[in-house]
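Asker: First to last, the protein sequences are chains A and B.
Residue numbering for the first sequence follows the working numbering, starting at 200 and increasing by one per position.
Residue numbering for the second sequence follows the working numbering, starting at 200 and increasing by one per position.
Keep in mind that the hints were calculated from the coordinates and are not lab data.
Be a bit skeptical, because a hint or two may be false.
[Stated by the list, open to error] In silico DSBU-like links for lysine-lysine, alpha-carbon gap of 35 Å or less: (1) K606/B to K565/B; (2) K396/A to K307/B; (3) K638/B to K307/A; (4) K606/B to K305/A; (5) K550/A to K449/A; (6) K327/B to K305/A.
Quick caveat, the model's predicted, so the values are computed rather than measured.
2 protein chains.
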Amino acid sequence: MGALTVRLPTLSSLLTPPSLSRSSPFFLRHHRTTFKFTTVTAATSSAPPKAQEQAVTPRSHDFNAWYLDVISRAELADYGPVRGTMVIRPYGYAIWESIQEYLNVKFKETGHSNMYFPQFIPYSFIEKEASHVEGFSPELAVVTIGGGKELEEKLVVRPTSETIVNHMFTQWIHSHRDLPLMINQWANVTRWEMRTKPFVRTLEFLWQEGHTAHATPEEAEKEALQMIDVYTKFAYEEAAIPVIPGRKSKVETFAGADKTYTIEAMMGDRKALQAGTSHNLGQNFSRAFATQFTDENGQRQHVWQTSWAISTRFVGGIIMTHGDDAGLMFPPRVAPIQVVIVPIWKKEEEKSGVLSAAATVFDVLKSAGIKVKLDDSEQRTPGWKFNFWEMKGVPIRIEIGPRDVSKNSVVISRRDIPGKEGKVFGISMEPTILVSYVKDKLDEIQASLLNMAISFRDSNIVDVTSYDELKEAISLGKWARGPWSASDKDELKVKEETGATIRCFPFEQPHGTKTCFMTGNPADEVAIFAKSY
Amino acid sequence: MGALTVRLPTLSSLLTPPSLSRSSPFFLRHHRTTFKFTTVTAATSSAPPKAQEQAVTPRSHDFNAWYLDVISRAELADYGPVRGTMVIRPYGYAIWESIQEYLNVKFKETGHSNMYFPQFIPYSFIEKEASHVEGFSPELAVVTIGGGKELEEKLVVRPTSETIVNHMFTQWIHSHRDLPLMINQWANVTRWEMRTKPFVRTLEFLWQEGHTAHATPEEAEKEALQMIDVYTKFAYEEAAIPVIPGRKSKVETFAGADKTYTIEAMMGDRKALQAGTSHNLGQNFSRAFATQFTDENGQRQHVWQTSWAISTRFVGGIIMTHGDDAGLMFPPRVAPIQVVIVPIWKKEEEKSGVLSAAATVFDVLKSAGIKVKLDDSEQRTPGWKFNFWEMKGVPIRIEIGPRDVSKNSVVISRRDIPGKEGKVFGISMEPTILVSYVKDKLDEIQASLLNMAISFRDSNIVDVTSYDELKEAISLGKWARGPWSASDKDELKVKEETGATIRCFPFEQPHGTKTCFMTGNPADEVAIFAKSY
Chain A
200 MGALTVRLPT LSSLLTPPSL SRSSPFFLRH HRTTFKFTTV TAATSSAPPK AQEQAVTPRS
260 HDFNAWYLDV ISRAELADYG PVRGTMVIRP YGYAIWESIQ EYLNVKFKET GHSNMYFPQF
320 IPYSFIEKEA SHVEGFSPEL AVVTIGGGKE LEEKLVVRPT SETIVNHMFT QWIHSHRDLP
380 LMINQWANVT RWEMRTKPFV RTLEFLWQEG HTAHATPEEA EKEALQMIDV YTKFAYEEAA
440 IPVIPGRKSK VETFAGADKT YTIEAMMGDR KALQAGTSHN LGQNFSRAFA TQFTDENGQR
500 QHVWQTSWAI STRFVGGIIM THGDDAGLMF PPRVAPIQVV IVPIWKKEEE KSGVLSAAAT
560 VFDVLKSAGI KVKLDDSEQR TPGWKFNFWE MKGVPIRIEI GPRDVSKNSV VISRRDIPGK
620 EGKVFGISME PTILVSYVKD KLDEIQASLL NMAISFRDSN IVDVTSYDEL KEAISLGKWA
680 RGPWSASDKD ELKVKEETGA TIRCFPFEQP HGTKTCFMTG NPADEVAIFA KSY
Chain B
200 MGALTVRLPT LSSLLTPPSL SRSSPFFLRH HRTTFKFTTV TAATSSAPPK AQEQAVTPRS
260 HDFNAWYLDV ISRAELADYG PVRGTMVIRP YGYAIWESIQ EYLNVKFKET GHSNMYFPQF
320 IPYSFIEKEA SHVEGFSPEL AVVTIGGGKE LEEKLVVRPT SETIVNHMFT QWIHSHRDLP
380 LMINQWANVT RWEMRTKPFV RTLEFLWQEG HTAHATPEEA EKEALQMIDV YTKFAYEEAA
440 IPVIPGRKSK VETFAGADKT YTIEAMMGDR KALQAGTSHN LGQNFSRAFA TQFTDENGQR
500 QHVWQTSWAI STRFVGGIIM THGDDAGLMF PPRVAPIQVV IVPIWKKEEE KSGVLSAAAT
560 VFDVLKSAGI KVKLDDSEQR TPGWKFNFWE MKGVPIRIEI GPRDVSKNSV VISRRDIPGK
620 EGKVFGISME PTILVSYVKD KLDEIQASLL NMAISFRDSN IVDVTSYDEL KEAISLGKWA
680 RGPWSASDKD ELKVKEETGA TIRCFPFEQP HGTKTCFMTG NPADEVAIFA KSY
């Protein structure tokens, strides 16, 4: 067993509120590198440690390298054999399952039913809606051979399902009594992206896509807004990501939509991530596919529609919002493992008592519905395990050593407050006390991650009143917020000159009269500009 | 409101145990066609009723037409725009969700983790395992264009994932400590089938595929058997399908497996449906993909593997196992709706009292976790609704009329016992009593459907001692069971001459010495022969 840090009673850590500044964790880290990474995988001891088995690149040094490192070493995902594809490993897939569980309940509560559409779409369907084909045709994967024969009509592997959904809706919708029709599907989609990045942009990804049809434009608008609200709540409450909900500019609107609502998230490198979208499709697809109903006056009308989606990209958003130099930091509500138990003993005669206590604590927490892992492997030192599970972003670590067993207590460390300040000794093993303590701490960590992310976001948005100020903000890697009523051409000019795009016109607008920072004309709204993924 | 049947107190129905014979429901049906189908969809009343809005073809007249009718009219599924594809509608998808919920828990309990592999597989992968490419190459959908360009290597849309799984396993497995590796994925798969049928055989379908790697052949065999056991229990306990588990003949074994275990189900037309399979893959894929580990003695070894799957085909199996001339009959544990409430009133002054009581009953059952639907639409008569929900296979119907309201009671009808015999009056609305009564009845219906299916199965399997007896049994549409140790060639001859194949060598074997009915040689086992889907 490796050397252990001497534990000092830290009553102060119990009394001091968790620090929410981002600098302190990095500072504290400096003082506690007691343990070193050895090998991470369970390779035979004779094998030399491989590059991938070392510690991750520090987040503060190279954000992109850190991102790829944590994905690989925490075994969240791996590259597939086909360029741009990704294998989502159990630890990463569990996050997607958390997302699914939460949203699936919300979708049903708001009146949607799950179903499944085929992924092969006749090429002619894509061509029916003019802006849709323009937006998607460069990204299509096309099946041309089936059952050993050249197909008469090429098939598109769905990049999104509006076209096939409308083809079916046209058959199912006859009267106003068939409306609203509100469905959702969990599915894979394919977009032939050239620049890919695990979770954020892959050739194939998983998502849910909601599709609804309504009798009036007001209902469709209400639905589109309701669903972006569901996404916003999910981001804040579950993923601890303080997204900014708003409306896309015309330039950035979905190919085939009248309006696109979005939630925009600031990643740890201050780039924006479009984390979910909800589209008011108007009658664009219903006109292209003749999706009509007979209204109460016997008149034929085209339906008003919405579609909305969140994808495995959101997992990338969770990874890139939280974390520090040591690795991942998962919000408890989406964490695949919420608590890891590390039993510690030096002498052989201590072993059985420690392991037995650890197993009891495991059972207690598991019965309480907590996602708990007992790491009782003997190949690794406790120090190695501390670093490993820290890198994996597990919110709470419980240590149990011989002294703890004798005192019937455990030591609990918080991932969000590294070092001694996050460590509390002498928490009773008594089930009621322990479970209640752990649940409270998980709630505190959830809140603390959200607060840290809010502070980070707010300290990196600059209010601008001129194009020069915008350029400066963007060049510093920040987001710029300013009144905007300029043209699409001006918007593209900003993109060309600064690399930033309008992420959204946020729902939350400052009061008072506004003057467009680009043209000097009156403006109704401020827009947020940023570089993005 | 349409005319209602006069309700007679039927104490006898309370005392008579439910009939388990298959003939009685058909007999009873003859006496109770009080209500006629009018229009099923909510089309405007001026629209003429369409063909699809009429009653279903009686199951006893034309099983295949009945199957297609119930799928269409109960809105389980619809045809996709591409030949052989299927849209799974909410009522059908809910059954798949029941299957997923149950199996997902069982898979995790038995140590498997969910993950996700890309669906695009390089064509060269498929060619690596000789019998695998032979089995699957005629059925492949191939992507040849991506992002507007001809691809250098053609991509197969996964027909199953053994090849890509092994490609990744080879990167993840190093030491015996990495074993067993046990994963599962919920995914869509594509097989270019020429003869398709909704749910049973479609170009694209949904499934789960488990993949495991082990250090020893014994562990792999144990795993393959464990998973066919999970499927068997699911079929019996949830789907009320008395499948016969067993081993496939060599001819019928999966392309790439050493052994295939199967669960074979007898459909209502007495054709066999292969409802789930579990394969012991031996080292076939690990040798083709060099998936090796270092054992405890430092020796490199190829892993031993399994794979196992259940698909949306199982939904077809549930539909075709249960049901009668009037339509579907879902086992309560997989039924999308377990209880439908039909409020009944004639006079306008009765309406509010009846609707209010119906809403209360709805809330009571819903709070108790029962899947309940309140059909309070005013476009349809109660009689129309009775027929409609009967056709949809809802296990229990609750009627509430003015007299019931005054007596604070409801009328309950069982789908599995049509007519008066399945109808009970005067069940108290008092929540505790009602919930307990409904739950008991759901359990009884679950058991009754299984018992009916067991009786049907057992009365349609013939023990044969000669090829002539087999031919006769098959020509009567039955299954034949007899001792078999003949050659693959003989097996193919049976298929050619009778249309029947070996469905399996059942695990449950009769005692005593056996003589092959084909060759007269000693035989170790009996095999089951049947025509199949």
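Asker: Would you mind marking each hint as holding or not holding in the structure?
Answerer: Hints, verified against the model:
no., hint, in the structure
1, K606/B to K565/B, "22 Å, holds"
2, K396/A to K307/B, "30 Å, holds"
3, K638/B to K307/A, "24 Å, holds"
4, K606/B to K305/A, "38 Å, violated"
5, K550/A to K449/A, "65 Å, violated"
6, K327/B to K305/A, "45 Å, violated"
The structure fails hints 4, 5, 6 (numbered hints given earlier, in ascending order).
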